[in-house]
Amino acid sequence: MPTQQEQKVAKPQKTGGSQSSIRGVVQRILFASPSPQAPNELYSLGTYGAVRPERHRVVVEPDARLTTNTYFGRLPASYLQRWTQIRELEAVFRVRGSGRLEIHASDAEGEPRILSTAEVATPAEQEVRLKVTLDRFMDGGSIWIEAVTTAEELTIEDVRWVIGEPLRDRLTSVVICTFNRADDCLNTMRALGEDTELLAALEHVYVVDQGNDTVQSREGFDKVVELFHGKLRYLRQPNLGGAGGFTRGMFEISGVGGKHANVLLMDDDVLLEPETVLRMASFANNATDPVIVGGQMLYLYHPNRLHIGAETTDLALLRPGVPVAGALHNVDLTKKLPHRRVTAGYNAWWSCLIPAEVIERCGLPLPLFFQWDDIEYGTRAGRNGFATVTLPGAAVWHADFAWKDWDDWARYFSLRNSLITSALHFDGFDGKAAAKVLAKQMAEYLVSMQYGMAATLLKALEDFLTGPSVLTDGGVAAAAEIRKLRNEYPDTHRKQPADLEVDGAATLPIIDDPGNPSLPKAVMVKRVLNILTGRNGGAAQIMARDAKWWHVSLFKSVIVTDSAQDAFRVRNFDRDVVVDLAKRGTKLLARLAKEGTLAREEWRGAMGDLTTRENWDRLFKS
Numbered sequence: 001m002p003t004q005q006e007q008k009v010a011k012p013q014k015t016g017g018s019q020s021s022i023r024g025v026v027q028r029i030l031f032a033s034p035s036p037q038a039p040n041e042l043y044s045l046g047t048y049g050a051v052r053p054e055r056h057r058v059v060v061e062p063d064a065r066l067t068t069n070t071y072f073g074r075l076p077a078s079y080l081q082r083w084t085q086i087r088e089l090e091a092v093f094r095v096r097g098s099g100r101l102e103i104h105a106s107d108a109e110g111e112p113r114i115l116s117t118a119e120v121a122t123p124a125e126q127e128v129r130l131k132v133t134l135d136r137f138m139d140g141g142s143i144w145i146e147a148v149t150t151a152e153e154l155t156i157e158d159v160r161w162v163i164g165e166p167l168r169d170r171l172t173s174v175v176i177c178t179f180n181r182a183d184d185c186l187n188t189m190r191a192l193g194e195d196t197e198l199l200a201a202l203e204h205v206y207v208v209d210q211g212n213d214t215v216q217s218r219e220g221f222d223k224v225v226e227l228f229h230g231k232l233r234y235l236r237q238p239n240l241g242g243a244g245g246f247t248r249g250m251f252e253i254s255g256v257g258g259k260h261a262n263v264l265l266m267d268d269d270v271l272l273e274p275e276t277v278l279r280m281a282s283f284a285n286n287a288t289d290p291v292i293v294g295g296q297m298l299y300l301y302h303p304n305r306l307h308i309g310a311e312t313t314d315l316a317l318l319r320p321g322v323p324v325a326g327a328l329h330n331v332d333l334t335k336k337l338p339h340r341r342v343t344a345g346y347n348a349w350w351s352c353l354i355p356a357e358v359i360e361r362c363g364l365p366l367p368l369f370f371q372w373d374d375i376e377y378g379t380r381a382g383r384n385g386f387a388t389v390t391l392p393g394a395a396v397w398h399a400d401f402a403w404k405d406w407d408d409w410a411r412y413f414s415l416r417n418s419l420i421t422s423a424l425h426f427d428g429f430d431g432k433a434a435a436k437v438l439a440k441q442m443a444e445y446l447v448s449m450q451y452g453m454a455a456t457l458l459k460a461l462e463d464f465l466t467g468p469s470v471l472t473d474g475g476v477a478a479a480a481e482i483r484k485l486r487n488e489y490p491d492t493h494r495k496q497p498a499d500l501e502v503d504g505a506a507t508l509p510i511i512d513d514p515g516n517p518s519l520p521k522a523v524m525v526k527r528v529l530n531i532l533t534g535r536n537g538g539a540a541q542i543m544a545r546d547a548k549w550w551h552v553s554l555f556k557s558v559i560v561t562d563s564a565q566d567a568f569r570v571r572n573f574d575r576d577v578v579v580d581l582a583k584r585g586t587k588l589l590a591r592l593a594k595e596g597t598l599a600r601e602e603w604r605g606a607m608g609d610l611t612t613r614e615n616w617d618r619l620f621k622s
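Position 322 of the sequence shown, counted from 1, bears residue number 322 in full-length UniProt numbering, the numbering being contiguous throughout.
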């Protein structure tokens, strides 16, 4: 390994046009974010002195140091060594001025080392290439560039990591599913279309519009279409949820035949970093074996924070979004960076690339409408031998999950589809065990006076037990039915301050949660007894963060702030409703305990038919 004393003196090379074909580009180094919403500190930093970053260019003033040891600035060396055939790369720079270029690396613990350096002294633009070997990164570590100046400034631009030829010479098609988010979707389309270099790596961009407030209706639509030079495919269809929208793109792309394109699924309402698409596509095309390549999610409202480094499920407990061992979760990326290599169980479809081989072997997604459609497909792919790699440095910004209101109609699909996924892919699925998990949730909803949520759970359980026929229409009827059902429960109604019809609402105290109980089971028994004997009482205002079942259940009436921070819910104790829901719940949970194995076999038997092209073609034409 070269030491700092084993420096190269860069010799001028002729430049002209692009440094290399986009086919050989693994990663472009960007020095500033694509939007004022996102901090530049995720791209490059001046560790001392003055540094002036732009998107593709940076000026390091005299007596200063630049580093790209940042979230988007680093090359995920460990992931490349583990999953791809790449063993050597070159960092290619265009430079002007005087200074020193350095290539740095880290290990699984984040400890840094220098790989190579080059002195630069040229008044005219010069191309500099520095080579690195991927050979000591198996458990973790990254590679990044630094630049240091003394008496003169140094301008660096158009920096990229390149290889000779990719293992697979395959284009990528992007699929964006949208429903009545026309402006958000148009912004995402525009971000893709304006990256002219990236377009060379794309076969098509499919926009599947399922709404009545269409993207096509926007004034700027035609100009955005022109950016794609014929590569945009705008499709309209009935609203079949996220599963139907994304599957339409997969259906169109895979229907052409062969392995001509990867499929990259992307949400419509993200703040897009176009470089993410290039990095995911390059990684997939160089993977030794086909792998699903996932992009990470950064919080849109707190754009320096990572949602989760890699996630999996606990199908026994019907839990999604479980951080895998060693993965970062809800961290500030300007203060802490990922170092260890981790492997995901699945990747959400806010940005997720699925190679053609996966679709060929696994078929199309289930018509689940939405919620758990991505989890089911990623889990199915894993059971068919395809790993999921959630790639650091490839990410989009998406609305913070903590700011989502989970007490809504979408919970029906989350609950129902978690049962379906567990029945399909968890060999230990057992009706009695699942009934215990749901009984616990049911009890928490009832003592919290979330009667609409309790009814939502029962509807989800009932439809799971009904069997695969509930997916005949792709979930359209269920979406309408659950909204109607929930509307019958006043605690589901969103209120504004002027709408609060509660005695003394303006002067009710805000009462904080004292903290998690040390013996939750004992506390639950106590709360149930208090409710049955009428010893719960009083009213309070409770903030969203404190709306835990053990706290809310102390009162007979509460005004609870939504997690979305834009409304309230009023929950009032109703003994008759509690008794009715508890009786119905007891019967349904007993059915699940008794019929769970039969339901599992019925769902497994129907999976092949539900995921066929013929079934989806029927749904698209409905």
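Everything labelled a hint here was simulated from the structure, so no lab data went into it. Worth double-checking, as some hints may not be accurate.
As the list claims (entries may be wrong) - BS3-like, lysine-lysine: derived pairs with alpha carbons at most 27 Å apart:
(1) K335 to K436
(2) K548 to K436
(3) K440 to K336
(4) K404 to K259
(5) K495 to K521
(6) K621 to K484
(7) K459 to K495
(8) K459 to K556
(9) K404 to K336
(10) K336 to K432
(11) K521 to K594
(12) K432 to K594
(13) K432 to K495
(14) K404 to K440
(15) K583 to K440
(16) K404 to K484
These numbers were taken from a predicted model, which means no experiment stands behind them.
Status of each hint after checking the structure:
1. K335 to K436: Violated, because 41 Å separates the two Cα atoms, which is more than 27 Å.
2. K548 to K436: Satisfied, since the Cα-Cα distance of roughly 20 Å is no more than 27 Å.
3. K440 to K336: violated (36 Å)
4. K404 to K259: Status violated; Cα separation ~38 Å.
5. K495 to K521: violated (32 Å)
6. K621 to K484: Holds. K621 to K484 sits at ~26 Å (cutoff 27 Å).
7. K459 to K495: This hinted pair holds, its Cα atoms lying about 25 Å apart.
8. K459 to K556: holds (26 Å)
9. K404 to K336: holds (25 Å)
10. K336 to K432: violated (42 Å)
11. K521 to K594: This hinted pair holds, its Cα atoms lying about 25 Å apart.
12. K432 to K594: Judged against 27 Å, a Cα distance of about 7 Å means the pair holds.
13. K432 to K495: Violated: K432 and K495 sit about 38 Å apart, past 27 Å.
14. K404 to K440: Holds, because 23 Å separates the two Cα atoms, which is no more than 27 Å.
15. K583 to K440: Answer holds: K583 to K440 is near 15 Å, not above 27 Å.
16. K404 to K484: Holds, at about 21 Å.
Consistency with the previously given hints fails for numbers 1, 3, 4, 5, 10 and 13, ordered from lowest to highest.
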